[in-house]
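Enquirer: What follows is the residue order along each chain.
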Amino acid sequence: MQNKTFLIISREYTTRVKKKSFIIMTILLPVLMAALIFVPVLVMLHSERSQHTRVLVVDDTEIFLNTFEETENTTYQYRSGNIDQITKETLDNDEFDCVFHILDNGESLRSNLYYKKSIPSTLQSSLESQMNETFFDRILQDSLHIELAEFQKLQDLTKVNITAIQIDKDGNQRENDADMNMVIGMMCGFFIYFIIIIFASQVLRGVLEEKSNRIVEVLISSVKPMQLLTGKIVGIALVGITQFLIWVVLTTGILFGVQLAAPNLFSSETSTEAATEMATGMANSPDMAALADGNIFQVINNYFPVSFAELILSFFFYFVIGYLIYATLYAATGSVVDNESDSQQYTMPVTLPLILSIIFVPTISTNPNGQLALWLSMIPLTSPISMMVRLPSGVPLWQLLTSMAICLLFLFFCIWFAAKVYRVGILMYGKKNGWKEIFRWLREA
Amino acid sequence: MNIVEVQEVTKRYSKHTALDNVSLSVRQGAVFGLLGPNGAGKTTLIRILNRITFPDQGRILFQGHPLQAEDVSQIGYLPEERGLYKKMKAGEQALYLAQLKGMSASDAKKQLKLKFEQYQISDWWNRPTEELSKGMQQKLQFIITILHKPSFLILDEPFSGFDPINTNLLKDEIMQLSREGATIILSTHNMTSVEEICDEIALINKSQKILEGNIYDIKQQFKNNTFLVEVANDNLPDDQMFGDVFQLVSQKGNEHTTSYAIRIADGHEANELIQLLAQQSHIVSFAEKLPSMNEIFIQQVETFNNQHHAE
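In order, the protein sequences belong to chains A and B.
Here numbering that gives the first Met the number 0 is used: the first sequence runs in plain steps of one and ends on residue 444.
Here numbering that gives the first Met the number 0 is used: the second sequence runs in plain steps of one and ends on residue 310.
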């Protein structure tokens, strides 16, 4: 009899794996993922690299003479005179890309940036911040009445730098930052959501197909309903795992390939401007140091030294159990209805917790140890997603284990429920089975 | 010996009783017609025989022992509502379903190739099932049903949707299987085919069995002393002869002969009619008119319904 379950698993598996859509999705997604990571970086680097900007500074105040910091991409020259004339001369014959005019009109600072073609988007903000700093230092220095060298010493002394350090249960310290935790958590949460949506709903469609096709009667005369249900759920789970593994391998492969082909892509040799831009939102992150060293894998590894195993194991647990819970519930749903268009009203109660947990992902990730986060990560229908969002920020072990235990217990309930409903449901045609009717099957079956 | 015995089986659903204390037995090697109006409970009985559902009361004996899971491999079932995986290739699909019935992959493949050949659908082995015509899909379903050489076949409305040529093909196949020793339960509304191929029948109406037996016996049981006489047109019998004793039921003729259906009153014999007719006309043929299964079906169901309605 076990042999038949295996036959069903292998059919469910092979028919799906052989589909064109599976092959396309499997190959396309890692490419898209890699593109999502690389294209913005490449575009930014490319535009910054190729565009060398020559700035002519016309400083009427003479405060900013020779204060702008030259970079690989930006060079500064200083000149004085009539601004209209200078602009006309230099821009027309392409001597400079832009003319930066700082007006002297008393107390406040006003400045104009003249250009003909295009200038990098970052130039304006870079000029502003440099001017602010110089101007502020100048005022401070003036009011303190001290020498420049003394002032610079003072400046170094007062520089503030915050490093976030997380201490785990063994007392090990690690530099960490909440933003990155949030990103990792959200990624895990969304990933589980997609896995459940894609694969659990395949179970729904599979059950519906067999029922609306009427092949189910032939099948049920050869195998037990439970064998059919188990075969389908396990078969589709294997498809999911296969796809997941291929994605991991391909994405790693692509990242590694790019790493080899362009070793300097993430290195500090590229313009610091670009690196600074890229790091917006995760500035001061210790990972940026690794990024600057040019090894993206080091970035990933740096990130998980303590809870990497915990994270992966939990991810796998919630991935499998979450899928199984929703797959069994969807299977029960699919067995009750006659066709796909009717299935909406029945899948709604099952899909709702899934949607709720995805709606609350941002809330949970900003406050991973709040009341809402705690409860959502305990309720079995929302916990696979909610707990994964919380996990990278650190969750007490008892909470994690409790959540997992509740999840497992609930899964057993779901299997019991689905088995009863499915057995009766797949042979019921033509009449709409209300929830009342379904609960009656539970009592009788 | 009976291959199947249904013993006092009752099956209830929430709002109605599908089978009410039904007992019947199917003789080994018989072609058994399971008849009844729509919704009578036939499909429920068939599902119980396939172990798809289970009786609330009563039991099923298969080859003398209570029906168990292992017996299913000896049963071939063609459901009324039948379907196939649309996207799966015809050959793969048949192979898969045959293996689910317990055949080995190699044996199933060998047998399937032969059957595909015999039914002239070999070219379709590698085509998705949805590309097959309806008739071809039905052939495929039938092949799948009989491939594992079941000793007991349950065919629920096997002829529906078949054209006359394929219907004949199917009838021949059923007769062939019967000759090879298979027992066949045939559930159908097609009374002509029941008369042609069934040996025995059971009639189920409103979840109760109201009639069971050998077709010959049943016809004998329901005959009402009516005879069909065909006489040559040159000397037609005198209408005066018809009356209380020889009641004229119907009459129709062509340019050469005229046929009379005559019912003979109780206490009189057919020989009297022949003598009377022979004096007046030239008798071309004379036969007892047995009721058709169709007539018996309708009459029995109506009588039963009227009785129960009256209650």
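FYI, nobody ran anything at the bench for these hints, they're computed from the structure.
Careful: at least some of the hints might be erroneous.
To be verified - Keeping only pairs whose Cα atoms sit at most 30 Å apart, straight-line, the calculated DSBU-like set for lysine-lysine is: (1) A:LYS223 <-> B:LYS218; (2) A:LYS435 <-> B:LYS86; (3) B:LYS14 <-> B:LYS88; (4) B:LYS133 <-> A:LYS19; (5) B:LYS114 <-> B:LYS85; (6) A:LYS3 <-> B:LYS14; (7) A:LYS3 <-> B:LYS112; (8) B:LYS88 <-> A:LYS19; (9) A:LYS19 <-> A:LYS3.
Enquirer: When you check the alpha-carbon spacing of B:LYS114 and B:LYS85, does it fall within 30 Å?
Expert: Status holds; Cα separation ~20 Å.
Enquirer: Assess, step by step, whether the Cα of A:LYS19 is no farther than 30 Å from the Cα of A:LYS3, and give holds or violated.
Expert: Judged against 30 Å, a Cα distance of about 27 Å means the pair holds.
Enquirer: Check whether the Cα positions of B:LYS14 and B:LYS88 lie no farther apart than 30 Å.
Expert: Answer violated: B:LYS14 to B:LYS88 is near 41 Å, above 30 Å.
Enquirer: Take the C-alpha atoms of A:LYS3 and B:LYS14, compute the straight-line distance between them, and say whether it is at most 30 Å.
Expert: 35 Å, violated
Enquirer: Measure nothing beyond the straight line between the CA atoms of A:LYS435 and B:LYS86; if it is 30 Å or shorter, mark the hint as holding.
Expert: Not OK: A:LYS435 and B:LYS86 at ~35 Å, beyond 30 Å, violated.
Enquirer: Would you mind confirming whether the straight-line C-alpha gap from B:LYS88 to A:LYS19 stays at or under 30 Å?
Expert: 15 Å, holds
Enquirer: Does the alpha-carbon distance linking A:LYS3 and B:LYS112 stay inside the 30 Å limit?
Expert: 22 Å, holds
Enquirer: Hey, B:LYS133 versus A:LYS19, does the alpha-carbon distance stay inside 30 Å?
Expert: Judged against 30 Å, a Cα distance of about 26 Å means the pair holds.
Enquirer: CA of A:LYS223 to CA of B:LYS218, is that 30 Å or under?
Expert: 41 Å, violated
Taken one by one, the earlier hints fail for this structure at numbers 1, 2, 3, 6, listed in ascending order.
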